[in-house]
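S.K.: Residue numbers (the UniProt record's numbering), protein chains in the order written: chain X, 1 to 119; chain G, 1 to 119; chain Y, 1 to 119.
Note that these hints are calculated values from the structure, not bench results. Careful, some of the hints might be misleading.
Chain copies aren't distinguished; within one or between two, either way the pair holds.
[As the list claims (entries may be wrong)] Distance condition first, Cα-Cα at most 25 Å in a straight line; then the derived BS3-like pairs of lysine-lysine:
#1 K90 x K116
#2 K116 x K77
#3 K22 x K77
#4 K30 x K90
Keep in mind the model is a prediction, meaning the values are calculated, not measured.
Residues per chain, in single letters:
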Amino acid sequence: MPHLVIDFSANLTDFPEAQILKDVNAALCKSPEIKDEADVKSRTNRIAHFEIGNQPANRGFVHAQLRLLAGRSPETKKDLAERIAVVLRKHTPHPAGMLVQLSVEILDMDRASYVKERL
Amino acid sequence: MPHLVIDFSANLTDFPEAQILKDVNAALCKSPEIKDEADVKSRTNRIAHFEIGNQPANRGFVHAQLRLLAGRSPETKKDLAERIAVVLRKHTPHPAGMLVQLSVEILDMDRASYVKERL
Amino acid sequence: MPHLVIDFSANLTDFPEAQILKDVNAALCKSPEIKDEADVKSRTNRIAHFEIGNQPANRGFVHAQLRLLAGRSPETKKDLAERIAVVLRKHTPHPAGMLVQLSVEILDMDRASYVKERL
Numbered sequence: 001m002p003h004l005v006i007d008f009s010a011n012l013t014d015f016p017e018a019q020i021l022k023d024v025n026a027a028l029c030k031s032p033e034i035k036d037e038a039d040v041k042s043r044t045n046r047i048a049h050f051e052i053g054n055q056p057a058n059r060g061f062v063h064a065q066l067r068l069l070a071g072r073s074p075e076t077k078k079d080l081a082e083r084i085a086v087v088l089r090k091h092t093p094h095p096a097g098m099l100v101q102l103s104v105e106i107l108d109m110d111r112a113s114y115v116k117e118r119l
Numbered sequence: 001m002p003h004l005v006i007d008f009s010a011n012l013t014d015f016p017e018a019q020i021l022k023d024v025n026a027a028l029c030k031s032p033e034i035k036d037e038a039d040v041k042s043r044t045n046r047i048a049h050f051e052i053g054n055q056p057a058n059r060g061f062v063h064a065q066l067r068l069l070a071g072r073s074p075e076t077k078k079d080l081a082e083r084i085a086v087v088l089r090k091h092t093p094h095p096a097g098m099l100v101q102l103s104v105e106i107l108d109m110d111r112a113s114y115v116k117e118r119l
Numbered sequence: 001m002p003h004l005v006i007d008f009s010a011n012l013t014d015f016p017e018a019q020i021l022k023d024v025n026a027a028l029c030k031s032p033e034i035k036d037e038a039d040v041k042s043r044t045n046r047i048a049h050f051e052i053g054n055q056p057a058n059r060g061f062v063h064a065q066l067r068l069l070a071g072r073s074p075e076t077k078k079d080l081a082e083r084i085a086v087v088l089r090k091h092t093p094h095p096a097g098m099l100v101q102l103s104v105e106i107l108d109m110d111r112a113s114y115v116k117e118r119l
């Protein structure tokens, strides 16, 4: 059930999408909260049109949103966010002179109405 | 007001976007919860970069997120999710040897701050 | 921390992405709620595949989602949504014969699990 979407600004030209997807799934699947590794569905999303703040500075960002069925403890959410952050910290490029912001967000999904099946 | 976003993995090469958008809007508009058919705004989003789990298996996914103004009953949410699932079950391709996951999520939108108008 | 994502239907062919991003960031940064202008991370997202309602009408849409750390007052949320709406009202094209819908949504992000840092 976990859905992970990683947005990154297109000025992070060498952002290693495949490597990050592989590593972040590995990190999440080691959590006892993930019962079936196949449930982890992650994607990267290159953002071509963006604006950060209102100053003429050289800036980039990477932002991950993890969506989970509601009911996880605050500790579990914090742990999962940190697993993602570890991977992003390691692999996100730091172009010279660019301020790069990294953030991770956890969003609850409504459990009662969630549909999940395998075709 | 309902916003529907349907993500699908790019390995579902024959995913019929136009047909699914048409059918899913028709299915939602038949619900008594939808007062004005023009309110239903749906989009499909082909995901080129994704990773499912951490095993070298042939996997794909389709995931729909429906965003509604808060206040609907659990029964209404379940019904709307199922209307979407029916269409996705019918039209999502099943390439030979691929495990395809289908999921539908309902997300509440804050009613007090929502802006809506026609230009 | 605010994340702003502006979806617009691709039939709004002259949608001025760069101008809107600049103006919306300027409008948000004037709010006393925004402590550091560099925190505002905005993107536009052109939607190529969409369907609005179930009638053969000429329709388009622009929809903004602003994600904020939870805890803002309803008045603050309403003010921020309206700042975004003002910019979209001003710059969204109105092609002749097209009904264009505009909407703005505020979504809370879980504060306890949020990760934020600069690389």
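S.K.: The structure should be examined with respect to each hint, and the outcome stated for every one.
M.R.: Do the hints match the structure? See the list:
1. K90 x K116: Between. Shortest inter-copy distance 15 Å satisfies the 25 Å Cα cut-off; intra-copy 33 Å does not.
2. K116 x K77: both (21 Å within a copy, 14 Å between copies)
3. K22 x K77: The answer is within: 20 Å in one copy meets 25 Å, while 34 Å across copies does not.
4. K30 x K90: Answer is within; shortest intra-copy Cα gap is 18 Å, inter-copy 34 Å.
Consistency with the previously given hints is maintained throughout, with no hint failing.
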